[in-house]
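Between the sequences and the hints, there should be enough to build the whole structure, so can you do that?
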Amino acid sequence: MIDKNWIHKLQTESQNIILLVIIGIAAMLLFAVGFLTIVVMNQRKKTQLQKSMEKLREQQQNQLIEAAVRSEETERHRIAETLHDEVGAILSSAKLHLLGIKSEVLDEKDKKLHEKGRELLNEVIQKVRGISHNLHSNILKEFGLNEAIRHFVKKLTQETIINATTNLDDNYKTCNADDDISLYRIVQELINNILKYAHASEMLISSSFQNQVLDLVIFHNGDGLTQEQFEELRYQKEGLGLKNIQNRIILLKGTILFTSGTEGYRINIHVPVKTAQHE
Amino acid sequence: MDILKSIRDWSEVWAFLIPLTVILTKRRSLSSDESPIIKYVIIGLLINIISTTMFVYHRSMPTFLKNNNVLYNIHTILRVGLFSWYIINSKILKSNIPAGIILIIYTLFAITHFIFFQSPFFLSTPLFIAETIVLIFLCTSFFYRAIMDDEKNWLTKPSFLVCSGLFIFESVNFFIFLFYTPLGKKINSSFGKFTWTIHNFSLVFFCIVLAVALLKSDRQKLDSQIAD
Numbered sequence: 001m002i003d004k005n006w007i008h009k010l011q012t013e014s015q016n017i018i019l020l021v022i023i024g025i026a027a028m029l030l031f032a033v034g035f036l037t038i039v040v041m042n043q044r045k046k047t048q049l050q051k052s053m054e055k056l057r058e059q060q061q062n063q064l065i066e067a068a069v070r071s072e073e074t075e076r077h078r079i080a081e082t083l084h085d086e087v088g089a090i091l092s093s094a095k096l097h098l099l100g101i102k103s104e105v106l107d108e109k110d111k112k113l114h115e116k117g118r119e120l121l122n123e124v125i126q127k128v129r130g131i132s133h134n135l136h137s138n139i140l141k142e143f144g145l146n147e148a149i150r151h152f153v154k155k156l157t158q159e160t161i162i163n164a165t166t167n168l169d170d171n172y173k174t175c176n177a178d179d180d181i182s183l184y185r186i187v188q189e190l191i192n193n194i195l196k197y198a199h200a201s202e203m204l205i206s207s208s209f210q211n212q213v214l215d216l217v218i219f220h221n222g223d224g225l226t227q228e229q230f231e232e233l234r235y236q237k238e239g240l241g242l243k244n245i246q247n248r249i250i251l252l253k254g255t256i257l258f259t260s261g262t263e264g265y266r267i268n269i270h271v272p273v274k275t276a277q278h279e
Numbered sequence: 280m281d282i283l284k285s286i287r288d289w290s291e292v293w294a295f296l297i298p299l300t301v302i303l304t305k306r307r308s309l310s311s312d313e314s315p316i317i318k319y320v321i322i323g324l325l326i327n328i329i330s331t332t333m334f335v336y337h338r339s340m341p342t343f344l345k346n347n348n349v350l351y352n353i354h355t356i357l358r359v360g361l362f363s364w365y366i367i368n369s370k371i372l373k374s375n376i377p378a379g380i381i382l383i384i385y386t387l388f389a390i391t392h393f394i395f396f397q398s399p400f401f402l403s404t405p406l407f408i409a410e411t412i413v414l415i416f417l418c419t420s421f422f423y424r425a426i427m428d429d430e431k432n433w434l435t436k437p438s439f440l441v442c443s444g445l446f447i448f449e450s451v452n453f454f455i456f457l458f459y460t461p462l463g464k465k466i467n468s469s470f471g472k473f474t475w476t477i478h479n480f481s482l483v484f485f486c487i488v489l490a491v492a493l494l495k496s497d498r499q500k501l502d503s504q505i506a507d
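Residue numbers (the working numbering), protein chains in the order written: chain E, 1 to 279; chain H, 280 to 507.
What the hints contain is simulated information worked out from the structure, not anything from laboratory work.
One should not assume that every hint holds.
To be verified - Stretches of chain E that chain H covers, calculated by requiring three or more beta carbons in the stretch to come under 8 Å of a beta carbon on chain H:
{"hint": "1", "segment": "17 to 27"}
{"hint": "2", "segment": "33 to 47"}
As the list claims (entries may be wrong) - In silico EDC-like links for lysine to aspartate or glutamate, alpha-carbon gap of 20 Å or less:
{"hint": "3", "chain 1": "E", "residue 1": "Lys-55", "chain 2": "H", "residue 2": "Asp-429"}
{"hint": "4", "chain 1": "E", "residue 1": "Lys-274", "chain 2": "E", "residue 2": "Asp-215"}
{"hint": "5", "chain 1": "E", "residue 1": "Lys-45", "chain 2": "H", "residue 2": "Asp-281"}
{"hint": "6", "chain 1": "E", "residue 1": "Lys-51", "chain 2": "H", "residue 2": "Asp-429"}
{"hint": "7", "chain 1": "E", "residue 1": "Lys-55", "chain 2": "H", "residue 2": "Glu-430"}
Claimed, not checked - Cβ pair distances, simulated, as ranges:
{"hint": "8", "chain 1": "E", "residue 1": "Asn-211", "chain 2": "H", "residue 2": "Phe-480", "range": "53 to 63 Å"}
{"hint": "9", "chain 1": "H", "residue 1": "Ser-285", "chain 2": "E", "residue 2": "Trp-6", "range": "46 to 56 Å"}
{"hint": "10", "chain 1": "E", "residue 1": "Trp-6", "chain 2": "H", "residue 2": "Phe-343", "range": "50 to 60 Å"}
{"hint": "11", "chain 1": "E", "residue 1": "Arg-44", "chain 2": "H", "residue 2": "Lys-373", "range": "14 to 24 Å"}
{"hint": "12", "chain 1": "H", "residue 1": "Lys-373", "chain 2": "E", "residue 2": "Thr-47", "range": "13 to 23 Å"}
{"hint": "13", "chain 1": "H", "residue 1": "Ser-311", "chain 2": "E", "residue 2": "Glu-54", "range": "27 to 37 Å"}
{"hint": "14", "chain 1": "H", "residue 1": "Leu-283", "chain 2": "E", "residue 2": "Thr-47", "range": "55 to 65 Å"}
{"hint": "15", "chain 1": "E", "residue 1": "Asn-268", "chain 2": "H", "residue 2": "Phe-480", "range": "55 to 65 Å"}
{"hint": "16", "chain 1": "E", "residue 1": "Thr-255", "chain 2": "H", "residue 2": "Lys-373", "range": "36 to 46 Å"}
{"hint": "17", "chain 1": "H", "residue 1": "Lys-373", "chain 2": "E", "residue 2": "Lys-237", "range": "34 to 44 Å"}
Glycine residues also receive a C-beta, built at the ideal position from the N, C-alpha and C atoms.
As structure tokens, then:
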């Protein structure tokens with residue numbers, strides 16, 4: 001009987017110990033899983049915070065770019081208006097006064113000076129008008145991007161050796177006037193650079209508008225930039241214009257790509273167009 | 280029942296075949312950072328094949344091959360050595376001094392224990408407990424540094440997965456190692472089988488985690504090659 005009691009006691013003790021071990025293992029497992037859950041949740045929270053900081057930083061950068069671009073346009077508009085309304089008016093008035101001088105009463109030397117004065121005044125009036133239009137294009141405002149580009153290209157290249165043609169998709173209609181201004185400025189800057197540095201004899205500006213995406217391509221047969229050179233020059237003092245282009249591209253949420261081929265250099269501008277529904 | 284018994288008896292062998300399959304199929308694309316894991320899987324598998332064979336066929340084994348305890352002792356030292364190397368190599372620890380100190384203490388303990396206190400031919404539960412303490416300490420240090428690191432997201436790295444698996448494995452086995460020998464003697468051999476079955480389950484889980492970590496390492500290397 002004592003043996004039976006002892007065996008029963010041992011069995012109960014064994015069961016208790018086994019239960020204790022199982023509980024111990026379960027507790028350790030729970031501890032491990034709980035600890036890992038805390039670590040994982042902490043990391044996820046940190047990652048989310050980093051992502052939202054990144055997003056905020058990007059938003060802030062875009063807002064700064066937008067502010068810079070908009071203020072530049074406002075200033076251009078103001079200068080264009082001042083040039084046109086004030087300087088232009090004064091120059092026109094000066095021209096009228098000069099025209100009021102009767103050349104018959106002047107001697108030969110004074111006639112020549114009078115003629116030269118009129119020529120110079122005409123020239124400066126044209127230049128001021130040109131600067132004013134460059135700063136703020138009324139054609140862009142009234143007739144849209146395609147017409148503004150055609151007019152700009154024609155005006156800029158008519159007295160140069162470069163043969164410039166345009167082939168623009170007239171399916172593109174202005175959806176956002178500010179975006180059109182940015183695109184126009186990009187094209188202006190790129191074409192000015194080509195005329196200044198590329199020594200090209202042929203230039204083609206083409207566009208296509210499909211699926212709410214505008215693709216502008218500027219092709220020329222001169223010395224152009226590669227994508228690597230563009231990336232490098234953007235950060236240099238001389239590359240302020242290119243930096244400006246990059247900022248406008250960022251604002252438009254588009255892309256710009258410089259490529260070269262056997263025939264020449266190509267600049268591809270790819271811009272999604274925001275419609276009234278998508279805004 | 281015999282099939283289930285065989286599966287259980289050989290679980291320490293087929294568990295290692297899971298990460299080994301990944302190693303063999305992806306060996307060219309695995310990162311050198313995973314070298315300690317690869318070594319552990321291969322050496323661990325060899326040790327377990329020998330020890331399990333000795334256990335399953337112990338009746339027909341010669342006397343000097345009836346005792347496989349020394350292999351288990353070698354295995355625990357191998358696990359501590361290789362996974363410590365892996366964690367230190369991950370370059371997450373701010374300073375390797377605490378890890379170095381604890382490893383030196385562990386080494387001295389192992390040497391002292393086998394010279395003065397116990398023959399290596401007996402299953403050394405103190406050594407197993409020391410293994411769990413060392414590896415839980417290193418894993419906790421890893422997780423602490425992962426939380427404090429603001430630059431990298433350690434959650435996406437294979438080393439996080441390995442340490443998580445190792446942490447769970449060692450946590451579960453802490454009590455098993457603590458009570459195995461003394462209670463196994465006191466109660467009966469069925470208790471020993473029961474707790475060792477839990478150990479084998481946890482080993483299978485750990486090997487699956489190692490396999491997933493190796494796959495992740497391969498995918499990350501592939502992604503970085505594509506990015507380049």
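To see whether the hints hold, each was checked on the structure:
| no. | hint | verdict |
| --- | --- | --- |
| 1 | 17 to 27 | holds (count 5) |
| 2 | 33 to 47 | holds (count 10) |
| 3 | E:Lys-55 to H:Asp-429 | 17 Å, holds |
| 4 | E:Lys-274 to E:Asp-215 | 14 Å, holds |
| 5 | E:Lys-45 to H:Asp-281 | 49 Å, violated |
| 6 | E:Lys-51 to H:Asp-429 | 12 Å, holds |
| 7 | E:Lys-55 to H:Glu-430 | 16 Å, holds |
| 8 | E:Asn-211 to H:Phe-480: 53 to 63 Å | 56 Å, holds |
| 9 | H:Ser-285 to E:Trp-6: 46 to 56 Å | 37 Å, violated |
| 10 | E:Trp-6 to H:Phe-343: 50 to 60 Å | 38 Å, violated |
| 11 | E:Arg-44 to H:Lys-373: 14 to 24 Å | 23 Å, holds |
| 12 | H:Lys-373 to E:Thr-47: 13 to 23 Å | 21 Å, holds |
| 13 | H:Ser-311 to E:Glu-54: 27 to 37 Å | 31 Å, holds |
| 14 | H:Leu-283 to E:Thr-47: 55 to 65 Å | 43 Å, violated |
| 15 | E:Asn-268 to H:Phe-480: 55 to 65 Å | 60 Å, holds |
| 16 | E:Thr-255 to H:Lys-373: 36 to 46 Å | 42 Å, holds |
| 17 | H:Lys-373 to E:Lys-237: 34 to 44 Å | 42 Å, holds |
Hints 5, 9, 10, 14, counting from the list given before, are not met by this structure.
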